[in-house]
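Student: Protein chains in written order, with numbering that gives the first Met the number 0: chain S, 0 to 193; chain V, 0 to 193.
Keep in mind the hints are simulated off the structure, nothing from the lab. All values reported here derive from a predicted model rather than from experimental measurement. Nothing false has been slipped in among the hints.
DSS-like mimics (lysine-lysine), calculated; alpha carbons at most 30 Å apart, straight line:
no.	chain 1	residue 1	chain 2	residue 2
1	V	38	V	87
2	S	110	V	147
3	V	110	S	126
2 protein chains.
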Amino acid sequence: MKNRIITISREFGSGGRTVGREVAAKLGIPCYDHELIDKIAEESGFTREYIAERGEYASHGSWLASALSDRDYYGHSNQDELWKFQRKVILELAEKGPCVIVGRCADYILKDKQDCLSVFIHSDLEKRAQRIVEQYGERPETPQKRLKDKDKRRAAYYQFYTERKWGAVQNYDITLNSGSLGIEKCVEILASLY
Amino acid sequence: MKNRIITISREFGSGGRTVGREVAAKLGIPCYDHELIDKIAEESGFTREYIAERGEYASHGSWLASALSDRDYYGHSNQDELWKFQRKVILELAEKGPCVIVGRCADYILKDKQDCLSVFIHSDLEKRAQRIVEQYGERPETPQKRLKDKDKRRAAYYQFYTERKWGAVQNYDITLNSGSLGIEKCVEILASLY
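When you get a sec, could you build the whole thing from the sequences and use the hints?
Tutor: Set out below in structure tokens:
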């Protein structure tokens, strides 16, 4: 029963999603990444695009602007609603059976589960920049700018909903530098911990 | 030639030293921990006690007091002298052959070496408190207080001499929670990365 669930948090462009998919394939268990977005869409009625963006990222602009944006008279926002659906879906999936869950604060949502291995994947900026150009193609802004913006908004989202610091070593059972260790070695280590 | 050197940074009481010793024994390479202090003592003339304390810990009290303490007219301190000896000994050992080096900012000192695996070992406060009472016995202050004081002074020392944040995930190839994974599993993973 140990480490029945693996949650993977990752810096943008670190290959954390690929690590998750490959670990799941190796272990013969499902990996929830895009599938998570589909399930949340079904339950919540939010569009896939809204969920992909607002279920993991603070909005652009300042922290304060982000915290206050889209709030109604009572201080609620659509993003808060989405958080509740996201949390519910992740808890349900974790009850259903062994799996890998990528992103969406699953490490925090499942932090009290004994059989959960919490993982963070990171890499240096240069290797990540190279990876996102290969994976997602060229864009008008530099890859470094995209990376920094994505990480900053992921960190802000995480901090807002979990009151923990994204990427702080204490939140994880293991953190891996995919740039120096290689994707394959990361997969091997995580599979060995299952 | 990959990962010929393993540097282990660790939270106080996490068992990082034990992990280092056991990995080294498994790989049949030397582990420098207390031995490092002996070598630095030989080269520098400082006492073992001074090196143990001031080669890894900022002094008690505020950060500013620590940064300014013991400095002469030119702004130099014995601690700076010790840092230079420590740095020299660590660089020499790393040149000499494969080894495990525990603590003393070795991760930073060897950061430009390609064949160096940088590791951080941590654990939750409760497990560490239990461990230090078992290992080092009861003391007048609570184990939690001792842990926090030690970690705080290690972090301050590290930050002062390296200008990096101690325990920040980006400084390491791998971080391991020895409390949740167990010492034995940590040893196994690190040996597999050699």
